[in-house]
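Asker: Start from the sequences, fold in the hints, and give me the full structure.
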Amino acid sequence: MSKVLLEIQGLRKQYGIVEVLKGVDCTMQEGEVISIIGSSGSGKTTMLRCINMLEEFQGGHIRLEGEEIGYEHSGSSRRRKSEKDIARQRALTGMAFQQFNLFPHMTAAQNVMLGLVKVKKMARDAARTVAEKWLDRVGLASRADHYPGQLSGGQQQRVAIARAIAMSPRLMLFDEVTSALDPELVGEVLQVIKGLAADGMSMLLVTHEMRFAYEVSSRVIFMNQGVICEEGDPKEMFVAPKTERLAEFLKTSSFN
Amino acid sequence: MGYTLNFAAVWRSFDQLLEGLLLSLGLAFVSILIGAAIGLLVAFALISKSGWIKRPAAAYVTVIRNLPILVLVLFAYFALPQMGVRLGKIESFIAVLSIYSGAYLAEVFRAGLLSIPKGLTEAGLAIGLTPLQIRVSIIAPLMFRNVLPSLSSTVISLFKDTSLAAAIAVPELTFEARKINVESFRVIETWIVASGLYVVTCSVLAALMRVAERRLAVPR
Amino acid sequence: MMDFSAFLDQIWIARFAILKGLGITISISALSIVVGSLLGVLVGLSLVYGNRALRFVVRVYTDFIRGTPVLVLVLASYYVLSTIGIELGPFQAGVLALAIFCSSHVGEIVRGGLQAIPQGQTEAAKAIGLTFRQTFAYVLWPQALRQFLPAWVNTAAEMVKASTLLSVIGVAELLLRTQEIISRNFMSLQFYFFAGFLYFVINYSIERFGKYVERKTAVPA
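Going down the list, the protein sequences come from chains A, B and C. Heads up: the first sequence begins at 1 in UniProt numbering, then just goes up one per residue. Heads up: the second sequence begins at 1 in UniProt numbering, then just goes up one per residue. Heads up: the third sequence begins at 1 in UniProt numbering, then just goes up one per residue.
Mixed in with the good hints, there may be bad ones.
Unchecked claim - Pairs of lysine-lysine residues, derived as DSSO-like cross-links and limited to a Cα-Cα distance of at most 30 Å, are as follows:
(1) 118/B <-> 211/C
(2) 49/B <-> 118/A
(3) 179/B <-> 54/B
(4) 54/B <-> 81/A
(5) 84/A <-> 118/B
(6) 133/A <-> 81/A
(7) 49/B <-> 133/A
(8) 3/A <-> 22/A
(9) 133/A <-> 194/A
(10) 54/B <-> 118/B
Stated by the list, open to error - Away from chain C, derived, C-beta distances all over 10 Å, residues of chain B:
(11) 7
(12) 60
(13) 65
(14) 118
No lab work stands behind these hints: they were computed from the structure. We put the beta carbon where it would ideally sit given N, CA and C, even for glycine.
Answerer: Structural data, given as structure tokens:
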């Protein structure tokens with residue numbers, strides 16, 4: 001009895017005259033974990049950022065639980081939704097970034113609390129409790145009052161994930177969250193994501209970690225030059241790619 | 001030469017100098033506060049993508065920074081009444097110094113805003129904060145920390161600019177010093193003490209700013 | 001419109017006064033920049049390469065000058081020099097004050113420029129056998145110059161602005177001339193505007209020139 005969570009139709013995006021997304025179609029069920037793979041410049045990060053309206057897009061639709069994201073459509077014309085509406089929609093999806101983007105002047109707990117207090121209008125005490133719960137969940141209960149500058153990269157990324165998850169988003173977006181980390185710190189972050197997957201969180205991950213994508217995802221999307229080139233069950237795709245391009249890509253990537 | 005230093009006359013009028021210094025500090029404090037509010041708004045306007053917001057802000061900064069402040073001081077006090085705007089000496093000087101510091105602080109703040117990584121804004125957006133909330137909770141506090149070192153020299157130079165209020169007979173430190181100089185004829189002593197007071201005040205201001213910098217520094 | 005043609009009339013009547021004032025303003029600025037910069041380079045070099053005692057003395061000098069408002073320097077120079085028997089007119093006393101002010105500024109700029117050069121540059125120069133003189137002339141100074149030329153050009157604009165302070169001790173530069181003109185025709189609004197406009201044009205040109213110098217001196221990267 002799964003229901004559609006995210007629906008992307010004909011998504012197009014261009015920077016000036018360069019077209020980065022050339023009509024992407026994709027449907028995601030609730031509880032799915034989808035990894036998006038592809039070489040740099042394939043449009044995978046851009047697609048993720050469109051879902052959170054961090055990028056404007058010029059054509060197509062993104063719907064989250066049936067609600068149109070970002071733009072108001074009437075007939076053939078479309079208008080960007082109000083800043084307030086977009087902010088509310090952004091809170092429905094959580095996002096973790098390659099560069100963590102923790103707020104350096106706030107402690108780990110304050111980072112997690114900011115959205116709870118300002119967006120969810122939660123009382124500070126209640127927000128603190130929620131923040132502590134999630135920091136505990138990512139294994140950082142003892143670091144709640146540390147500033148980002150006092151934490152390792154892996155710890156910072158776990159705080160960033162806690163900050164996103166604490167908003168109880170319908171969908172989590174992970175944008176190459178391990179790419180900026182030293183190799184020995186990658187494991188602890190992937191462990192946290194695996195835990196969330198086990199809890200049934202719906203997740204969309206852009207990643208270079210092929211083994212991780214293989215292990216954690218229910219479905220893999222391979223993007224190439226702004227379109228979805230191949231998608232399917234990782235067990236099949238990684239073993240027997242159907243397209244030449246994916247075979248080529250897997251050969252050059254770390255998965256073996 | 002045959003000039004022997006004798007500070008007695010200056011010490012007798014020392015209270016006058018201190019009162020002048022107090023007024024100088026008051027003028028600087030009020031003007032810089034107003035100027036900081038102007039500067040913050042203008043700085044956000046300067047980094048705006050819209051030309052309609054950016055251009056007037058840039059014009060304000062360019063015009064003010066290229067005018068001698070004495071011209072502005074005299075203009076506000078002597079010429080504005082012709083347009084029906086009649087302000088007292090102190091009010092008119094505060095108005096001028098506020099507008100003047102607004103332009104300089106806008107430049108300082110703009111540099112601070114540009115030094116903040118774009119990812120922080122995106123992280124704020126991603127948890128559903130509005131652009132205004134992001135500016136208030138994330139960008140402005142970080143920017144203030146970033147600019148404290150350069151803010152210090154701007155604040156000190158604005159404090160020194162309060163001496164120009166003497167030109168419209170506001171009884172601040174320079175005005176008092178000149179008066180004592182003329183009345184007592186203890187020329188050298190008067191100016192040694194007066195500039196000494198300025199130098200000491202500037203170093204105290206600089207020290208306070210350094211303390212603020214240390215206190216507010218982001219722990220790492 | 002009547003007002004405006006009356007204003008133009010008044011400018012025409014006062015043209016020589018304005019031009020003379022402008023000339024004085026430019027001479028004050030130019031003289032104080034030249035003298036101040038020469039002094040300032042010495043100040044900067046002493047701050048970087050001087051021995052302890054020299055560094056201390058020069059540091060006290062710059063801190064004292066930078067902690068004092070320019071107007072106080074101008075007034076002090078004007079009143080104090082004549083008291084100790086050095087008979088200078090207001091023009092000379094004023095230029096001296098501005099030059100001293102300029103020297104402390106330029107000194108800091110030169111110091112900053114020299115200290116911004118990575119230590120490795122000196123070491124690399126030593127490694128290929130250059131003497132200190134050679135290192136300074138061929139390696140350090142050219143780099144420091146690039147670094148501080150734009151800031152130095154902006155100091156020129158500062159000096160033009162500071163030259164207005166000499167009106168307070170009766171030097172008939174542009175601002176004092178303007179005040180004299182206003183005391184005759186009572187057109188304070190128009191003539192302050194006009195003076196402001198002239199100052200803006202001078203300083204804006206200097207600012208543009210500074211930007212140009214910045215582009216020209218940038219090391220290709």
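Asker: Taking the closest pair, is the beta carbon of residue 65/B still more than 10 Å from chain C?
Answerer: violated, 8 Å
Asker: Within a Cα-Cα threshold of 30 Å, do residue 49/B and residue 133/A meet the stated pairing?
Answerer: Violated. Residue 49/B to residue 133/A sits at ~40 Å, over the 30 Å cutoff.
Asker: Within a Cα-Cα threshold of 30 Å, do residue 54/B and residue 81/A meet the stated pairing?
Answerer: It holds: about 24 Å lies between the C-alpha atoms, which stays within 30 Å.
Asker: Has the given pair, residue 118/B with residue 211/C, been kept, meaning a C-alpha gap of at most 30 Å?
Answerer: holds, 27 Å
Asker: Keeping to a limit of 30 Å between CA atoms, is the pair of residue 133/A and residue 194/A held or broken?
Answerer: holds, 18 Å
Asker: Sort out whether residue 54/B lies within 30 Å of residue 179/B, counting only the CA atoms.
Answerer: violated, 45 Å
Asker: Does the structure keep residue 49/B and residue 118/A at a Cα separation of 30 Å or less?
Answerer: holds, 26 Å
Asker: Can we trust that residue 118/B is non-interface, i.e. its beta-carbon lies farther than 10 Å from all of chain C?
Answerer: holds, 23 Å
Asker: Does residue 7/B sit more than 10 Å from chain C, CB to CB?
Answerer: holds, 15 Å
Asker: Quick one, are residue 54/B and residue 118/B close enough, alpha carbons at most 30 Å?
Answerer: Measuring from Cα to Cα gives roughly 19 Å; hence the hint holds.
Asker: Run the distance test for residue 3/A versus residue 22/A: straight-line Cα separation, threshold 30 Å.
Answerer: holds, 27 Å
Asker: Measure nothing beyond the straight line between the CA atoms of residue 84/A and residue 118/B; if it is 30 Å or shorter, mark the hint as holding.
Answerer: Distance of about 20 Å is within 30 Å: holds.
Comparing the model with each numbered hint stated earlier shows that hints 3, 6, 7 and 13 do not hold.
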